[in-house]
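In case you want the letters, here they are:
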Amino acid sequence: MQSSPLPTGVGAENFRAALAAFRAALGADGVLDRDEDRAAYLDPYAFGEGLDHESSGILAPAEVAEVQEAVRIANRFGIPLWPVSRGKNFGYGSAAPVRRGDMILDLSRMNRVLDVDVQQANCLIEPGVSFFDLFDHLWANDIPLWMSVPGNSWGSVLGNALDRGIGYTPLGDNCDALCGLEVVLPDGDLVRTGMAAVGKGATWRNYKHGYGPGWDQMFVQSNLGVVTKAGLWLQPEPEMTASVEIAFPNFDDAGWAIDILADLRRREIIQHNIVFGSPVRAASTLTQRSEWYEGEGALPEEAERAMMAKYGLGWWNAKISFFGPAYMVEGNMRQMRELFEARLGTELKFRTWHKGEPYEASARGVPSTLGLQSVNWYGGRGGHIGFAPVMPQDGAQVLAYAKRVKAIYREVGQDYYSTFTIGRRHINNVSLILYDRDDPASTGRANGLFKRLVVEAAKDGYTEYRGHIDYMDTIAQTYDFNDHALNRLNNRVKAALDPKNIIAPGRNGIGGKK
Amino acid sequence: MAFERSLTILGAVALIAACSARSDAGEEKPKPALPSQIEAATFGQKSADPGERLFGRECAFCHVGRNTGTIMLQRRLPEDVPAQLHQRTDLSADYVTAVVRNGLINMPAFSRAELTDAELAQIAAYLAKDKSK
Chain A
2 MQSSPLPTGV
12 GAENFRAALA
22 AFRAALGADG
32 VLDRDEDRAA
42 YLDPYAFGEG
52 LDHESSGILA
62 PAEVAEVQEA
72 VRIANRFGIP
82 LWPVSRGKNF
92 GYGSAAPVRR
102 GDMILDLSRM
112 NRVLDVDVQQ
122 ANCLIEPGVS
132 FFDLFDHLWA
142 NDIPLWMSVP
152 GNSWGSVLGN
162 ALDRGIGYTP
172 LGDNCDALCG
182 LEVVLPDGDL
192 VRTGMAAVGK
202 GATWRNYKHG
212 YGPGWDQMFV
222 QSNLGVVTKA
232 GLWLQPEPEM
242 TASVEIAFPN
252 FDDAGWAIDI
262 LADLRRREII
272 QHNIVFGSPV
282 RAASTLTQRS
292 EWYEGEGALP
302 EEAERAMMAK
312 YGLGWWNAKI
322 SFFGPAYMVE
332 GNMRQMRELF
342 EARLGTELKF
352 RTWHKGEPYE
362 ASARGVPSTL
372 GLQSVNWYGG
382 RGGHIGFAPV
392 MPQDGAQVLA
402 YAKRVKAIYR
412 EVGQDYYSTF
422 TIGRRHINNV
432 SLILYDRDDP
442 ASTGRANGLF
452 KRLVVEAAKD
462 GYTEYRGHID
472 YMDTIAQTYD
482 FNDHALNRLN
492 NRVKAALDPK
502 NIIAPGRNGI
512 GGKK
Chain B
11 MAFERSLTIL
21 GAVALIAACS
31 ARSDAGEEKP
41 KPALPSQIEA
51 ATFGQKSADP
61 GERLFGRECA
71 FCHVGRNTGT
81 IMLQRRLPED
91 VPAQLHQRTD
101 LSADYVTAVV
111 RNGLINMPAF
121 SRAELTDAEL
131 AQIAAYLAKD
141 KSK
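These protein sequence lines are chains A and B, in that order. Taking this note's numbering, the leading residue of the first sequence gets 2, the next gets one more, and so forth. Taking this note's numbering, the leading residue of the second sequence gets 11, the next gets one more, and so forth.
Just chain B, with the same shape it has in the complex (with noise of 0.2 angstroms):
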C-alpha cells in the first residue's frame, strides 16, 4: 500500500514528517517534509490571503500535515496527485463547495453555523486558484 510504504512509525503512533515514494525505477525518492501539527494548526494565520487565513481556521487541521484528511485522501488518490488541499491544482470552486455543504464519505458536512457562505466561496476561491502563479 502507497500509505503503508510511506509511513514511518516512531513508537505507538507518533508520526514523522518526511516521507518517501517509489520511482517507476524502483528507488527511494524523499518528499518534502510535511508540515508539524502545530504548523497544521496554525496554518495561514499570517496569510494576506483571507481565503488561505478561512482554510486555515476551518479545513488544515484535517487537511494539512499528516492528518485524517490528508491519511484518507492519500489511500484514494493516485500518487501524483497531493493529498493536502491546499497543493491540489485540480480542485473548482463548486466541488470544494458541494463537498463542504454535503460532506463526502467520513467527511461530515459543514452547517451555514459554523461556515457562512461568504466564508466558503472565500475559501473554495482560494482552493481554486492557480497556485502555480
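Pulled out of the complex, with its shape left as it was, chain A reads as follows (with noise of 0.2 angstroms):
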C-alpha cells in the first residue's frame, strides 16, 4: 500500500503550500498528488512494489517557461525534482527517483517534433518525444531519413540518448548524435550549449561544440539541469542495405569471431553497434522458460543446447547490417563470406533491399518493445536489471570473462543470458538478470548477483557506464582514481549550480541523498 511520503526534509504543511504553488503556475492538468497518479510511477521493474522508491507527486510542465518555474518554485520550497523524459527507463528504475518521497518531473506532455532539416539530416525535438513519436512523424511525411532505436522504443529518445543508450544502425551511440542542447539550471535559468547559444539558433544542429569549453556533457546522466530540447543527428536513407544473422556455435567461439567483428567496427566497415548475444536472449523473446526447464537452479546446457537446434541458433549470435550505395553494400557482403564462410562452414545468408523497395526487407530502424517480453521468461510479474561493465575490445580477455561470468551465474542459479555489444572501440558486456518481482527467492537471487558482479568486473578494472537506482552509489564508487576524485569534482559541481541540491539527488551518486 502506498503511504503519501513527503519530499526529504520537508513538513507536511510547506509541502501543500508547494503543491498550491506549483498549481498556480503549471495548471491543475501540470500537477499530478493523487494516489493513482503516484501509482503510475512505480518502477514495473521494481523488486517487490517498489514503495521504497515511491514519490510525494508529478509535475508534468507543458512548456520549458513551465520548467523554469517549478525549479525556481522548488528552490523556493526546498522541493527535490527527478527529471524524467517519458520514465521508460526500465531495467534502471523506470521513472521512479533514488529517495523516497522526492516529485517526479515528467516531461511526457513536452512531445514536439520541431523542426526536421531533410537536407542536412538533423531534427530539433522536446524531451517527450519518443522513438515512436519520431518514427511516426518521418513516416507520416515520407522524410527520407532514419532513425536509431533501442531495444525498447517506449521510451524518449532524448532520455535515451542522456542516459547513454544506444541503437543498432548508423548513429547508434545517441548520445554523440546530439548537437546542441537547451537547459534549464537549477536555479531555473535557461542556457543552450554549443552553436545554439548564438542567436536564433542558424546553426544549432550543424556543428556541437561551439566556442570554449563544451558543457554537453555535464547534462548527461547527471544532475546539473533539465534537459528541455535538443539537436539531433539522423541518417540519410542509403541505397542499398544488407543484413545478416550469423551463428556461432561454440561458446569458445567468442575469443575469435569478436576480434573479427570488432576489427570491423573500428575501421567503419560496420556503421552500427553489434549484438553478440546468447540463446536465452533470443528464447526469452519468444518464449518462457517454462518451455524448456522447470527445475530448480540455472537452465541445463541441454535446456540451452534444445533452444538452439530449434531455433537455429549458435552459442553466440550476431546480426550485421550494410548501409550505403550497392557497390558498396556488394563489396562488403564479399567481405563478410570470405571472413566467416570458410570457419563456419556455413552460407552467409543475407536480405537485402534496394532503395524504392518495401521497408520491411530493410535494415532500417523500426521502433519496437518486442524486446519487452522477456521479463515474461519466469512468469508471473517480472523485471531484468543489467550490469553492464565496460570492456577492452580483446576477444580472449572477453571469452576469460564471460566463463568467469557463465561459471557464477549456474553457481547461484539463474540463467545466463549476457550479450556482448561490440561498440566503436569498446565491448559492452550486458550481464541481464531475469526475476519474478513477487518472488522474493528470485530478487533476492537478482541483487546478490548484481552485487557479486560489480566485484567480479572490478578484479579486471572493468566497471558500469550506465545504472539503476539501487545502484548508483555502488557503481560511482568503483570510479575509484586518487580517491575517488572524480566524484569529488562533480559533488563540486554540484554544489556550485545546485546549493539546495534540488535536482535528482543521488543521480548517478552526485549529491548525496540528505
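Hints were generated in silico from the structure; no laboratory data involved. Quick reminder that beta carbons are idealized off the backbone N, C-alpha and C, glycines included. Among the clues, some could well be false.
[Claimed, not checked] Derived pair list, reagent style EDC-like, types lysine to aspartate or glutamate, alpha-carbon separation capped at 16 angstroms: (1) Lys404(A) to Glu457(A); (2) Lys356(A) to Glu240(A); (3) Lys56(B) to Asp143(A); (4) Lys56(B) to Asp137(A); (5) Lys320(A) to Glu303(A); (6) Lys141(B) to Asp100(B).
[To be verified] Far from chain A, by Cβ distances over 12 angstroms, these chain B residues were calculated: (7) Ala58; (8) Pro60; (9) Asp90; (10) Pro92; (11) Pro118; (12) Ala135; (13) Lys141.
Could you fit the two chains together into a complex? Lean on the hints.
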C-alpha cells in the first residue's frame, strides 16, 4: 500500500503550500498527486512493489517556461525534483527517484518534433518525443531520414541519449548524435549549448562544440540541469542495405569472432553497434522458461542446446547490417563471406533491400517493444536489471571474463543471459538478470548476483557505464582513481550549480541522499 | 503450447507475419497474416477515427502485430479470442480504462500526463465499439 511520503526534509504544511504554488504555475493538469497518479510512476520492474522509491507527486509541465517556474518554486520550498523525459527507463528504475518522496518532473507532455531538416539530416525535438513519435513523424511526412532505435522504443529519444543508450544502426551511439542542448539550470535560468547559444540557433544542429568549453556532457547522466530541447542527427536513407544473422556454434567462438567483428567496427566497415548474444536472449523473447525447463537452479546445458536446435541459433548470435551505395554494400557482403563462411562451414544468407522496395526487408531501424517480452521468462510480474561493464576490444579477455560470469550464474542458479555489444572502441558486456518481482527468492538472487558481478568485473578493472537507481552509489564508488577524485569534482560542481540539491539528488551518486 | 505451435522462426529472432492453428480435426488452418513491425508502429495513422489514431499512437506498438502485448495475451487467452486488441469484440470501455490506469501483470500503468482522461476515453470507446458494423 502507498503511504503518501513527503519529500526529504519537507513538512506536510510546507508541501501543501508548494503544491498550491506548483498548481498556480502549471495549472491543474500539470500537478498530479492522487494516489493512483503516484502509483502509475512506480517502477514496473521493481523488486516487489517498488514503494521504497515512491514519489510524493508529479509535475508535468507543457512548456519550457513552466519547467523554469517549477524549478524556481522547488528552490523556494526546498522540494527535490527527479526529472524524467518519459519515464520508460526500464531496468534502471523507470520513472522512480533514487530517494523516496522526491517529486517527479515528467516531461512527457513536451512531445513536439519541432523541426526536421531533410537536406541536412537532423531534427530538433523535445524530451517527451518517443522513438515511435519520431518514427511516425518521419513516416507520415515521407521524410527519407532513418533513426537509431533501442531495444525498448517506448521511451524518449532524448532521455535515452542522455542516459547514453544505444541503437543498432548507424548513428546508434545516441548520445553522440545529440547536437546542441537547451537546458533549465537548477536555479531556473535557461542556457543553450554549442552553436545553439548563438542568436536564434542558425547552426544549432550543424556543429556540436561551439566556442570555449563544451558543457553538453555535463547534462548527460547528471543532475545539473533539465534538458528541454536538443538537436539530433539522423541518417540519410541509403541506396541499399544488407543484413545477415550469424550463428556461432560454440561458446569459445566468442574469442575469435569478437576480434574479427570489433576490427570491422573499428574500421567503420560495420557502421553500427553489434549485438552478440547468448541463446536465452532470443528464447526469452519468443518463449517462457517453463517451455524448456521447470527445475530449480540454472538452465541445464541441454536446455540451451535445445533452444539452439529449435531456432537455428548458435551459442552466440550476431546480426550485422550494411548501409550505403550498392557497390559498397556488395563489397561488404563479399568481405563477410570471405571472413566467416569457411570458418563456420556455412553460407551466410543476406537479406537485401534496394531504395524503393518495401522497407520491411531493409535494415532501417523500426521502433519496437518486442524486447520487453523477455521479462515474462519466469512468468508472473517480471522484471530485469543488467550489469554492463565496459571492456576492451580483446577477444581473449572477453572470453575469459564470460567464462567466469557464466560460472557465477550457474553457481547462484540464474539462467545465463549475456550479450556483448561491440562499439567503436569498446565492448559492453550486458549480463541481463531476469526475475519474478513477486518471488523474494528470485529478486534476492538478482540483487546478490548484481553485487557479485560488480566485484568480479572490478578484478579486471571493468565497471558499469550506466546505473539502476538502487546501485548508483555502488557504481559511482568503482570510479576510484585518486580516492574518488571524479566524484569529488562532480559534487563540487553540483554544490556550485545546485546548492539546495534540488535536481535529482543521488543521480549517478552525485549530490548525496540527505 | 499454442504459442509455440503457431510460431515460425527465421534465424534468431526474425518472425514471420503469418501463423497457423490446428482445427479440431488436427489439420493446419492458415491464420491471417499479422501486421509487420512497420504496420504496427504506424497503425491508425491515417484513420478518420480519433480513437483509432490514438490507439495506434499509444497502444499498437505492443498490441498490434507480433509484439509484447500480443504475445503475452496469446498465452493467456483462449485460442478463439484474438490476441490483437483491435480485433477483440469482448472489451468494455470501463475494463480498458481500468487496465490502462492500473496496469495488468506485466503491462505498466499509463499516467495522466502521458495519456489524458479524455484521450483514454476515446481509446476505450474505440476498443469497445462493435467492429462488426
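Hints versus structure:
1. Lys404(A) to Glu457(A): 12 angstroms, holds
2. Lys356(A) to Glu240(A): At roughly 5 angstroms apart (the allowed maximum being 16 angstroms), Glu240(A) and Lys356(A) satisfy the hint.
3. Lys56(B) to Asp143(A): 13 angstroms, holds
4. Lys56(B) to Asp137(A): 11 angstroms, holds
5. Lys320(A) to Glu303(A): With a Cα-Cα distance of about 24 angstroms, the restraint between Lys320(A) and Glu303(A) is violated, given a limit of 16 angstroms.
6. Lys141(B) to Asp100(B): 11 angstroms, holds
7. Ala58: Holds: least Cβ distance 15 angstroms, greater than 12 angstroms.
8. Pro60: 15 angstroms, holds
9. Asp90: The assertion about Asp90(B) holds, with a minimum of 22 angstroms to chain A.
10. Pro92: 18 angstroms, holds
11. Pro118: 4 angstroms, violated
12. Ala135: For Ala135(B), whose nearest Cβ neighbour in chain A is about 21 angstroms away, the distance exceeds 12 angstroms, so it holds.
13. Lys141: 23 angstroms, holds
Violated hints for the displayed structure, listed by number in ascending order: 5 and 11.
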